[in-house]
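Enquirer: Since the structure of chain A is provided, determine the placement of chains B and C on it from the hints.
Residue numbers (the working numbering), protein chains in the order written: chain A, 1 to 375; chain B, 1 to 402; chain C, 1 to 177.
There could be a bad hint or two in this list.
Dumping the calculated PhoX-like pairs for lysine-lysine here, alpha-carbon to alpha-carbon at most 25 Å [stated by the list, open to error]: (1) C:Lys138 <-> A:Lys318; (2) A:Lys108 <-> A:Lys68; (3) C:Lys155 <-> A:Lys128; (4) A:Lys358 <-> B:Lys272.
Pair ranges (Cβ atoms, derived) [said to hold, decoys possible]: (5) A:Glu350 <-> C:Val57: 38 to 48 Å; (6) C:Lys137 <-> A:Pro285: 30 to 40 Å; (7) B:Trp25 <-> A:Ile39: 36 to 46 Å; (8) C:Lys137 <-> A:Leu355: 27 to 37 Å; (9) A:Asp288 <-> C:Leu101: 44 to 54 Å; (10) C:Val154 <-> A:Leu355: 19 to 29 Å; (11) B:Ala202 <-> A:Leu355: 49 to 59 Å; (12) A:Ile39 <-> B:Leu179: 35 to 45 Å.
Computed far set for chain A versus chain B, every beta-carbon distance over 10 Å [said to hold, decoys possible]: (13) Asp77; (14) Gly84; (15) Leu284; (16) Tyr371.
Since the hints were derived computationally from the structure, they do not count as laboratory data. Source: prediction; values computed, not measured. Note that CB positions come from ideal geometry on N, CA and C, so glycine has one too.
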Amino acid sequence: MDTKIPPKPVSRRKFLESAATLTAAMVLPGVMGCTTENIDEFLQKHFVELSPAELEKVVKRMQKQNEKKYGKAGSIDATPAIPGVLFGYGLDISRCIGCRRCVHACVKENNQSRDPDIQWIRVLEFNKESGIDFAEADPYYCTTASLHDKEASHHLGEKKEGEAHGKAAPVAVPSADAPMKLSPVQKSILENPDSQYPLYQVDANKVPASDPACKVPRPGHFYVPVACQQCENPPCVKVCPVKATWKDPDGIVVIDYNWCIGCRYCMAACPYGARHFNWTEPKLPAEDFNPDTHYLGNRPRPRGVVEKCTFCIQRTRKGQYPACVEICPVGARKFGNLLDPASEIRQIMERKRVLILKNELNTKPKFFYFYGTAT
Amino acid sequence: MTNIFGFIKFCLGLWTRGGRYYWAWVSFLCLLIISGVLAYSNQLEYGLGLTNMRDSISWGFYIGNFTFLVGVAAAAVMLVIPAYVYHWEPIKEVALLGEMLAVSALVMCMLFVTVDIGRPDRITHLMPFLGSPNFPRSLLAWDVLVLNVYFILNLTIVAYILFTGYTGRPYKKAILIPLVLFSIPAAISIHTVTAFLYNGIAARPYWNASILAPRFLASAFCSGPAILLMLFQILRKVAGLRIKDTALAKIAELMSYAMFINLFLLGAEVFKEYYSNTEHLIYTQVLFFGVGDTKVHYFMWPALIASIVAFLLFLIPKTRNNPLTMNIGCVLIFIGVYTEKGMGLVIPGLTPDTLGEIYVYSPSLLEYRVAAGVFSVGFLVFTLLVKLAIPYMEKSHAHHAA
Amino acid sequence: MLINPLVFVFIALLSCNAQQATAADDAGFSPDDVQTPLAPLSAGIFPCSNCHSGMPVNMKRRQLKDEHTGIVFEHDPAHRWCMDCHNPSNRDKLRLASGALVDFSKSYLLCGQCHGPTFRDWKSGIHGKRTGMWNGKKRYYLCVHCHNPHSPKVKQLVPFPAPQPPKGEPSFLGGTK
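Just chain A, with the same shape it has in the complex (with noise of 0.2 Å):
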């Protein structure tokens, strides 16, 4: 049941559309200015509702409001879960050394605001005594914050330059000045001369800092990279109150961006910490725009609606790796088709011990960690 697309709608549309255009030309302009563009918006169906046609007109607005914003309009795809697909996902916990690069390049990849920033992925960082135990988790590893140095911490929308240079702090922020040192087999995966995603590779006089002092894997410790686990019974998905958030049939939850009415019922819902609110309008410089975005993916977000990641929808269901994937430095990051025996991620489940996260609430998800280091 939990497979099945929000049911077809009852053609409320048509009352609508005559009723409110006047409503709309009322109500609008005090709340953002009247345009037709935003009357269009107002009016505008639900995701699946849309015909082929009215999906093109939407799509059409929409790359004009990127060409305006971001000198680009890009593409925005609406490619349909592939048949005979159940997307899942593995992550080796005994190789993930926490460096964050997959963070990085999901932001990247999928047009996150970088301020005030949303990160889809977080790397937990836990105890090797304590095991997976969320009280004791730290995502701030390696910055002044995580050594409770308050002063450290931003304040939403500003940022300030070299701010997180803490006074007293004695690990500090990577800068992005200086080059970090890179062995030569570092270097290799890093710009991958090879890649045929040129937006992974990463430009070595960016990478931040070498910093003695904090370098990962840290001592006795662990990490355990965190996003959307895409569950098959996903608590978001119920709690909706617009069926704005739903599974489609390769089991990606995806977001209507333009239906979600930002009421964060589903962030409350969520046990993994998934689901981000788009607090302010999302900033992303117009030279950091990614413009291959699907509907339902990557596209640029509005304010006041709720993102997560999927799987790099735009990518994946075209058959590419997601971008966490494809920059993981250690392979520690697996994707593929549940339904192929062969996948990575059956093989996985074949022959490794998989663990799942928050087991006892049963939203079985597709994420799966495992231990590689165990035959």
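Expert: Okay, now just chains B and C, sitting in the frame of chain A:
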């Protein structure tokens, strides 16, 4: 039709007449409303980032107030039950005032939900036929539905009683009684659904306790009547509301039982958390002792003491019959329940967040201003409604005397 | 709930085909498929024969003093040394224990001699890194892309910046962290 226009004119006439205190009160409320509207327009322009809510604590002061006010709305009407059971003489008046309080509380509830959502321009998506409410799975969709039904129901009752009072014709019992009776289960349902809204979230163990809905009902039975109790005394003086001291004492006594149940259920919860001492204890620990830099416990202890003192004041016959101690009890109950059902429910529910992060939330100035504006709208609605009720009560009083 | 039986039906159907196509341990792997990026050799060092061709072969285990001094050897140094893997006569090749010669681009065959289970995991995509298409052409990274063969333990890295902690406006009831 002429009657309706006449009624509207009559209402406007009443609202524009009043003493110095009336106008001072109304202008005070209007000032707060203006400040709230200005703050809200800022919030609309910039986004909810102007509040202190963040991803870690994604609900805050607005939703806390909403939850408390749902309780007020529900309990105001539930007072009709004892009015029936104990044959209080001014049953109509008690019901009318209760419904009026419910209407005002619901106005505030709906405004609090509206100011909390990120895209108020898409509010139509919640409506049947216009949008796509997620029935039957989403408790929030249910909550919006029952709140609206309850609101319309109460508004109809209030309008009908006042209108018949204006025309001087006796109201039709066949219409009114079923509506009033229906409003009682509706009152219970709005509060239960609101409790379920939290209760159903397995990701937040503090809320995911089946004791939550009973606790909601018990505490609501304290806070709603507390307001009415004070109001009855005022109206008895200024409008000749014929309500006996014994009836007031009876309400106070009922409140003490409700408070006892509320405290007992709280105690049961606290015992379970501390004795079993699982990882879920941390939320209760935030509530009572604080974890890291959290500050809820500074408010929780005074609130708990206020609730216990109020319980004792209402339990002991001597103090519940004394107007002074009874009014003190009402204020204390209000403080106790407001803290427990507002911030005491929302913040520990979300702190620490699902990945263990502790973000210390306290409302921003803007949130206070918007909330004050919303409260003022509610108080203004209530003031205006009560203003309409006064001549009605005087009339029925005169009728009685004759 | 409904999905589970469906999944199993699919799995059952697919596994019928798959069983014939793949040997139990090497699911989906055949050496010809392997599309590897270049092995990460230091610039200008290859082909080795440029220097080594005329040079006499010295089989003695010793500290290198003239060339390759930057190599820190931490790969079971008590039992291993250069000539266990590098072919003495033709330096452009690696040599398996069997005596067979392999190219540097097939170095995984050499590693796999000792690291059997890891080799098996690598072949099925469990160990190591792959990029490209999850349902098609992939790039397989070699063992040596992540593990320096002379010092295979993965080195520590400086992490990319941490997220900004949430912060609200200070407020008159205490403010936020």
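Enquirer: All hints are to be evaluated individually against the structure, with a verdict given for each.
Expert: Hint by hint, here is what the structure shows:
Restraint check for Lys138 of chain C and Lys318 of chain A: satisfied, since their Cα atoms lie roughly 14 Å apart, inside the 25 Å limit. Taken as a hint, the Lys108 of chain A and Lys68 of chain A pair is honoured in the structure, with Cα atoms around 20 Å apart against an allowance of 25 Å. For the suggested pair Lys155 of chain C and Lys128 of chain A, the alpha carbons sit about 19 Å apart, so the restraint of at most 25 Å is met. Between Lys358 of chain A and Lys272 of chain B the CA atoms are separated by roughly 21 Å; this keeps the pair inside 25 Å, and the hint holds.
Between Glu350 of chain A and Val57 of chain C the beta carbons are some 46 Å apart, a value that agrees with the proposed interval 38 to 48 Å. For Lys137 of chain C and Pro285 of chain A, the hinted distance range of 30 to 40 Å is satisfied, since their beta carbons lie about 33 Å from each other. Restraint check, Trp25 of chain B to Ile39 of chain A: a C-beta distance of roughly 41 Å satisfies the suggested window 36 to 46 Å. Between Lys137 of chain C and Leu355 of chain A the CB atoms are about 31 Å apart, so this pair conforms to the stated range of 27 to 37 Å.
In this structure the supplied range 44 to 54 Å holds for Asp288 of chain A paired with Leu101 of chain C, their Cβ-Cβ distance being about 48 Å. The given range of 19 to 29 Å is respected by Val154 of chain C and Leu355 of chain A, whose C-beta atoms sit roughly 22 Å from each other. At roughly 19 Å, the beta carbons of Ala202 of chain B and Leu355 of chain A sit outside the given window of 49 to 59 Å. Here the CB-CB span from Ile39 of chain A to Leu179 of chain B is close to 40 Å, well matched to the stated 35 to 45 Å.
Chain B leaves Asp77 of chain A outside its interface by the beta-carbon criterion, the shortest separation being 24 Å against a cut-off of 10 Å. Listed as outside the interface, Gly84 of chain A is consistent with that label: its C-beta sits roughly 27 Å from the nearest C-beta of chain B, beyond the 10 Å cut-off. Its beta-carbon lying about 15 Å from the closest one in chain B, Leu284 of chain A satisfies the requirement of being farther than 10 Å from that chain. Every beta carbon of chain B lies more than 10 Å from that of Tyr371 of chain A, the smallest distance being close to 21 Å; the non-interface claim holds.
Against the hints set out earlier in the document, a violation occurs for number 11 only.
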